[in-house]
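Asker: Residues in the sequence shown are numbered consecutively from 58, following our numbering.
Be aware that a few hints might be false.
Said to hold, decoys possible - Label pairs and their computed distance ranges (CB to CB):
no., residue 1, residue 2, range
1, 91, 71, 27 to 33 Å
2, 79, 116, 43 to 49 Å
3, 133, 91, 36 to 42 Å
4, 121, 63, 28 to 34 Å
5, 93, 123, 29 to 35 Å
6, 137, 117, 42 to 48 Å
7, 98, 135, 31 to 37 Å
8, 131, 103, 48 to 54 Å
In case anyone wonders, no lab produced these hints; they're calculated from the structure.
Note that this is a predicted model, so its numbers are computed, not measured.
Just so it is clear, CB atoms sit at the ideal spot from N, CA and C, and this is done for glycine as well.
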Amino acid sequence: MKALRFLDKPENRNIVLRCFFVALGVLLVIDFFIHKHAAFTWEEAPGFYAVYGFVACVSLIFIAKLLRYVVKRDEDYYNR
58 MKALRFLDKP ENRNIVLRCF FVALGVLLVI DFFIHKHAAF TWEEAPGFYA
108 VYGFVACVSL IFIAKLLRYV VKRDEDYYNR
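Assemble the whole structure, with the sequences as input and the hints as a guide.
Answerer: So, in structure tokens, the structure goes:
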């Protein structure tokens, strides 16, 4: 984990975050100019895959939180 020690400094974290957001912005702008070979018309909307991926990720988080109550075991489940 020594390789990531440079992220301990706040100014380095800000540089990494700025680069990340610039990359996201560039990809979003490029999305307006690329022709997509979509099977459905809504797939051709600019930013569709970004929104779809975000909604899918958030849905997985909420489903995992609900699933936790189904599969959760007591603390001493294996030591009885």
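Asker: Run every hint past the structure and note whether it holds.
Answerer: These are the hints, each one checked on the structure:
1. A beta carbon spacing of about 30 Å between residue 91 and residue 71 agrees with the range 27 to 33 Å that was offered as a hint.
2. For residue 79 and residue 116, the hinted distance range of 43 to 49 Å is not satisfied, since their beta carbons lie about 28 Å from each other.
3. Between residue 133 and residue 91 the Cβ separation comes to about 56 Å, which falls outside the hinted range of 36 to 42 Å.
4. Under the hint 28 to 34 Å, the C-beta atoms of residue 121 and residue 63, about 32 Å apart, fit the expected range.
5. Range check, residue 93 to residue 123: Cβ separation about 34 Å, and the 29 to 35 Å hint holds.
6. Remark: the range hint 42 to 48 Å for residue 137 to residue 117 is contradicted by a beta-carbon distance near 32 Å.
7. Range check, residue 98 to residue 135: Cβ separation about 53 Å, and the 31 to 37 Å hint is violated.
8. Against the hinted window of 48 to 54 Å, the Cβ-Cβ separation of residue 131 and residue 103 comes to about 50 Å, which satisfies the hint.
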